[in-house]
Amino acid sequence: MDEPIDRQESLVTRIIDGSITIDSLKEFENLLKIFPDNPRLHRVFADFLAQKKPFDAVNAYEISANLFTKAGQTLQAIVSKIFEWRLAKPSHQEEQEFYADLHKGNSKEVPVQRFFAGLVFEQLIAFMNELTPRYIPEQTMMKKFGDRETHMSFVVSGALEQTTHHPLKKYEKVREKTKKDLIENDFFGEIYPFEEEKVSQTDIKTITRVELAEISKSMLTKICRQNPDVELLVDHLYLARLKSDEKEFAKIVRKTVRHQVPTQINLKVFQDHGDKAPLELSGFTNDISLGGASVVLGATYQVGHSFNLIGRNVKIQMCLPIESIVINMLGTIVWGKDVPLEGKTTTIVGIQFKEMTDIDRGLLKEYCYGSEGEQNLIWSLWGSLLEK
Amino acid sequence: MREEHNTDRKSPPQIWAIGGGKGGVGKSVVSAVLAFWLARMGKRTVLVDLDLGGANQHTLLGIKNPLKTLNDFITRKFSTLEDVCIDTEAQNLRLISGASDVLSLANPHFSQKVKLINHFSRIDADYVMLDLGAGTSFNVLDFFLAANKKIVVLTPEPTSIQNAYIFIRNAVYRRLSRLSSKTPSLQALIKTAMDPKNVLKIRTVKELLQFIEESGGKDVMEVLKKEIDNIRLTVITNMARDNKERNAGRIVQTVAEKYLTIQSTDLLSVSYDKQINAMVSDMVPLINLDQSSHAFADIYEIASKLL
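Just so you know, the sequences run in chain order E and L.
Numbering that gives the first Met the number 0 numbers the first residue of the first sequence as 0 and each following residue consecutively.
Numbering that gives the first Met the number 0 numbers the first residue of the second sequence as 0 and each following residue consecutively.
If we strip away everything but chain L, and leave its shape as in the complex, we get:
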């Protein structure tokens, strides 16, 4: 554990989570470069590789064999997450390397995830960046929803856009479902609404809210609506080759506004950069990236805007 991180601690770190549903859209690269830029801006940053099926952040950051991983914390080999943080070549940037299969196999209970999230909040850093895995499992969604900044990465491809939207949709349902966990009838209704074959003919979150309101539950509807209003998203269109492709995030924004009643979405984009693709293929650490790279510059802009 690094002593200097235990002194002068003022407030818990801001947690940023990066998800997006589909694999291969560049979540890990965006997370790594974003974390790198935050660190370069003088923010003490910890990047956490929560891509439990395919942890690769250590490779992107030039660490061949991480000696400690998240697994060591989960299996209680170490008592704090600070203990499993690894220094990287970049100043102010540390990494918690991924622990393949542990969480996904153990399928932790929600309370265990809450504990883990609490531990993230205790890391001595300014920013904790969670690189989530692909898919929309509860594990991924719960970490996403717990973050202060919820970032969705997609590419300008139909499948990626659809998956990003579904990721957000499932996150909304998950949030509502958790919120209603002490009201079994409401939770059952939300679960019913998630089933595309439901007999109530509720097809979208918006229709769910309408149904609750029309059933005399205006107060409940307002509580749920307020909860959705608190979900502020940042959608990053990655690998955009031109201005037209930068619109991919706008699609998700529009559909989420119409059907999920999400009112607040920031749209940002990262240019396609073949240099990054080549570096990832050749396992060259991203921190060695030529800083004239457009993508690198775009992510710097994103980091500046999101701070």
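Only chain E is shown next, with the shape it has when bound in the complex:
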């Protein structure tokens, strides 16, 4: 994963996952000045603009697609491009340029990426023309056991839970069920082999808000008939998933939602006028990185509108649960949002860290431990094996 994305995600995760909605152009512009390289933020911004200033949205989708391409996130780049081209029909040259860019930065880490990497130019364009992106709210039942399989759905972002109902074995009265999380770059929909009419053996429900890119069975069949190579790629895609499912723990190891243990944070917010005492606030964060944190302030604080806090310098005291360590650092509040929490209104602020000692940086690095994959796996296993 691209490093800046990793770092910046901690500050803008809530905006990207849809749990916070930004409704001001200026707020977005400020955020993008601070996080210019985050493709997901550009994508959210583009979606925002598409409602208000479609012409400007074209540019935002293009930036998002370019950044996704550079980060090797092929599916996400394709979806941004689909939206861009819906607003402004591309020339043949633009299509070719996108194809070339996509192949330059093509990552082949996961089967879906290998699938897209295998498409030649005409096949990719044909596929994109039939691919329909859509957002699904969290906790939505997408598909139930017994539903007819009509689409293939690629997960662009978010997480879903797939519950598979296994066939009844001899002497069994109840079907065995297994659960698996589907995350970005996974896919679902049993539409292959095309000759077979299948009904779903699974329930699929969204965990978070999810963006899917879907293609109907009939359209995919049509493309494959015209391009037998594509059918081969589809075959490989299903085969790769089958192999992955067979691996031990495959059903429990992945989860996209970034979890963290709540960490207590004390803030001293400095006022504009030096003679005023700093505002002392405390709260918690469950979203923290070396670059910053989003902090949920206690619901009892009367800080007024959150935007009053934006741009203020803060002294941050972070109480890490690891061996009762306290880290002190300086930062700036870069965004704020008033949100309902436990029946009251509270404020979430995004803080960008500015200064900390090398020792504190080392401690924080240790606290933020490892890659997202390592963290997610630990939490996924925790949820599967230990959580009661």
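Heads up, a few of these hints could be off.
Quick list of the computed label-pair ranges, beta carbon to beta carbon [stated by the list, open to error]: (1) Ser-243/E / Glu-221/L: 23 to 29 Å; (2) Ser-120/L / Gly-297/E: 50 to 56 Å; (3) His-91/E / Glu-221/L: 44 to 50 Å; (4) His-118/L / Arg-360/E: 33 to 39 Å; (5) Leu-199/L / Val-325/E: 29 to 35 Å; (6) Asn-287/L / Ser-243/E: 52 to 58 Å.
Hints in this document: simulated from the structure, not taken from any laboratory.
The beta carbon of each residue, even a glycine, is placed where N, CA and C say it ideally should be.
Start from chain E and add chain L according to the hints.
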């Protein structure tokens, strides 16, 4: 020095190190009871309190004021570790009491730690049990890596699991870094990989090995991989209240296998025992523990399996 320990010496002792990253997971209690059981099984055992920030083994073993500590050896008041061993009430069990702050303040060079580890190997005993401190400082990691048996203790809590994993991850990086100390470019690469912000986008040990292999260093990668393969871990889930909680170690095992390519991890567990908590709080020596205690029995099983 006890003369009887200087006779009939056949081979250096087996060194067991107990670490785990997070404080309060019961490393000291597990070390003490494990050492106690080894001693009861007739193995001459020395428990070394390397918890330099909070040495407490003497209290757990019922020794109020240890007259000699590791500090006395480090400051050369005594010339051998044998000289600073203290007898305990348990037969076959001796203690080297912790020396608060000395190593952590002095931040000894790696070679000094190697010397200390060599001295551990010269102790006249069958087993030397190192109770490491919390955290993942180089001091802790180097002693952990030097041990014949590398034991990680954790509790069924998210922070403990995460810390245990990070402890292992840092130990792997430390081992690779030491291994590559004579190859500056490789060492620089490993250090780069440890930085979460590295431009090479290497996020895990597995990716580091892949990167080295893809960069034409298949032989180097194989050497590093072999070194990791030699890291055989024992993960003990302490304070498990039920069978589900005993899975905590399995999480670390799975993540370490996937991202650190550690193939060999033994999983063991110790039941939660409020009697032990009460004894530690009341500063009652653990060797007085009622032997019907589940935790006590579990650690006996562990000692038997690890021998």
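Evaluation of the provided hints:
Checked against the hint of 23 to 29 Å, the pair Ser-243/E and Glu-221/L passes, with Cβ atoms roughly 26 Å apart. Range check, Ser-120/L to Gly-297/E: Cβ separation about 55 Å, and the 50 to 56 Å hint holds. For His-91/E and Glu-221/L, the hinted distance range of 44 to 50 Å is satisfied, since their beta carbons lie about 49 Å from each other. The beta-carbon spacing between His-118/L and Arg-360/E, approximately 35 Å, falls within the hinted interval of 33 to 39 Å.
The hint said 29 to 35 Å for the Cβ distance between Leu-199/L and Val-325/E, and at roughly 33 Å that hint holds. Evaluation of the 52 to 58 Å hint for Asn-287/L and Ser-243/E yields a pass: the beta carbon distance comes to about 53 Å.
Checked against the numbered hints listed earlier, the structure breaks none of them; every hint is satisfied.
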